[in-house]
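Protein chains in written order, with this note's numbering: chain A, 1 to 339; chain B, 1 to 339.
The hints are simulated quantities; they were obtained by calculation from the structure and are not laboratory data.
Watch out, some of these pointers could steer you wrong.
Because identical chains share one entry, a pair is satisfied inside a single copy or across any pair of copies.
Stated by the list, open to error - Keeping only pairs whose Cα atoms sit at most 25 Å apart, straight-line, the calculated SDA-like set for lysine to any residue is:
(1) K285 / E266
(2) K41 / D180
(3) K248 / N120
(4) K324 / G75
(5) K271 / T144
(6) K41 / L173
(7) K248 / V44
2 protein chains.
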Amino acid sequence: MSSVTNDLSGMEQTRRRLAALYLPIAEDLEACEKIYRSELKSSVPFVQRLVDHAARFQGKRLRPTLLLITARACGGIRPIHHQLAAVVEMIHTASLVHDDILDEAMVRRHAATINVEWGNESAVLLGDYLFTHAFHLAASTGSTLACQWISRATNRVWEGEMAQNYHRGDLDLTESTYFDIIRGKTAELTAVSAGLGAYFAESEPQVVDSMESYGRNLGIAFQIVDDLLDILGDERNTGKSLGTDLDKLKLTLPLIRYLAQASPDEAASVKSLMTDTDHSTSRRKAIKTVVSQDGIIDDCWRTARDYVDAARQNLEVLEDSPAKAILSSMTEDVVKRAF
Amino acid sequence: MSSVTNDLSGMEQTRRRLAALYLPIAEDLEACEKIYRSELKSSVPFVQRLVDHAARFQGKRLRPTLLLITARACGGIRPIHHQLAAVVEMIHTASLVHDDILDEAMVRRHAATINVEWGNESAVLLGDYLFTHAFHLAASTGSTLACQWISRATNRVWEGEMAQNYHRGDLDLTESTYFDIIRGKTAELTAVSAGLGAYFAESEPQVVDSMESYGRNLGIAFQIVDDLLDILGDERNTGKSLGTDLDKLKLTLPLIRYLAQASPDEAASVKSLMTDTDHSTSRRKAIKTVVSQDGIIDDCWRTARDYVDAARQNLEVLEDSPAKAILSSMTEDVVKRAF
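Generate the whole structure from the sequences, applying the supplied hints.
In structure tokens, the structure reads:
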């Protein structure tokens, strides 16, 4: 599979947009980027090639941006914020590289996945390499608390991933388990990003808590939208393999809600569609048609919006500032997928 | 593939042997084991099953034993030593689980590998889970220096693994590159184990350096013996898939030395044997015959012994003690593969 080059990288899009809103954030993001690249510099050309390729998956830098803007909104940015922003992005990239092995995904951000281009072996190793460098960078901040916080968060991310893997093929997955899974695999890292931003800006404990909740609510909304796009989206726009949740028998919110209200016959028909390997190519289209009935899609968008509203309320503890305004607008961006 | 149960686990063998030599070490090892199990306790039954299964791969606990005995030999053991001993064992187990994916290995320590029993996906996730818990435990010691040391070591382990992966199929691999690879993938973790033992026993810097060198030399000897067994060993005794280095076109010391002294015709014949997939079943036997000529095997054992001798010399900085005597006897154990 050949790689397609973006006209403008996700990082550059985010940087330009933020620079227009509030210049210091764009500069913070550049400082984080510099640390990211310098930590991962390798003298082995093959390793460097994999690292460079994986950098293309990073996209719009949601997690470091969250950490840096929260720090600004909480009244003070310090060098440790730039380092920790690079750490959370590195952990996120590692999890994408390993996720693509699990999902047998072919394309991510318009580029071939590592597993497709260089094989599963290289993808396992590259993910581990990114992981260990993230912890090394965290340790080099000299803050044990940062190390503890980040390692606890990654434990939860992986517990979420393992629970998701375990429930693959479980067509009776409940909404409550679905939310447990996405709280771990997605929302824990956005929560810790905003929390670290606030903590190292020397915020009061209740502000740190509110910012963690903001990140968590934002992450949950983000994942619901991501799951909706897996069914509804267009591969050319999203730039990644779609329908992989369906192919891997991972139930997401629209299907869970459809099955919860369907008649036994309707449920049986969708379940047989899910498990029938002969229909894998037409599956996504058929599922799209089914869940588009009865207002289920609208209902899921509404749930995403509820989390976005909750995230906006979490910001009320903060004084007004340009950075706070950006955090507020990010809640909308998540639903519109500007992030 | 069914799992075969050992009469006596590797841990129990090591514990009994050490208890006979010097009781406190056996107690240290039990304390480490308790921390290991408690850190990895999961409320998700599937996760716990994978963790329990992977515990069977741990074998004879070379790395935690090294750390704990070095601490005793350097004059003082503290609770942080037990925690760090669990950390190095967790990192080692994570690397075994991921290694088995890379090697497509079927059996480890007489048990089916995770990838064979539960698939590559579970193996990727379990390795990551063990990794993140290792870093969490390291961070919870409260020592940033321990976190830095451990994360730097894991970076080097993974650089070694990636370099090995890159050089797969390179039938002109030099001895110098081979040693670079094993210094990373194996000897870095044994070096850091002995180094941490000495450092947290509040040893002088030159003692810490000597203990690191001891661990490094021991690790290199261990890997050379491991590579020899991949060609010469018996699967029933070693309890793991053998010949995987050959199948994966990874050159090890005996072959590197054979090729370096072979005539062009002999070299071409061995290289064609290596790359001919039709002969994979008889390959190991044929390679064994070839490298058993010209004293090459003896020569490799001699090199392993040279590293063992160097390791024994590194111990000269220590005062005599029962723990020092055990460190000294471990150098012999490595060559005899009691470890």
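Quick rundown of the hints versus the structure:
For the identical chains of this complex, K285 and E266 are intra-copy neighbours only, at 16 Å inside a copy versus 59 Å across copies, given an alpha-carbon limit of 25 Å. For a Cα distance limit of 25 Å, the shortest separation of K41 from D180 across copies, 18 Å, qualifies, whereas the shortest one inside one copy, 36 Å, does not. Within a single copy, K248 and N120 get their C-alpha atoms as close as 17 Å, and across copies as close as 14 Å, so both meet the 25 Å cut-off. When the C-alpha separation of K324 and G75 is checked against a cutoff of 25 Å, the pair qualifies only within one copy, where the shortest distance is 10 Å, while the shortest distance between copies is 55 Å.
Taking identical chains as interchangeable, the C-alpha atoms of K271 and T144 are never at most 25 Å apart, the minima being 48 Å within one chain and 51 Å between chains. In the homo-oligomer, the alpha carbons of K41 and L173 lie at most 25 Å apart only across protomers (24 Å), although the nearest pairing inside one protomer, at 43 Å, exceeds that limit. Within a single copy, K248 and V44 get their C-alpha atoms only as close as 35 Å, which misses the 25 Å cut-off; across copies the closest is 21 Å, which meets it.
Hint 5 from the list above is the single one not met by this structure.
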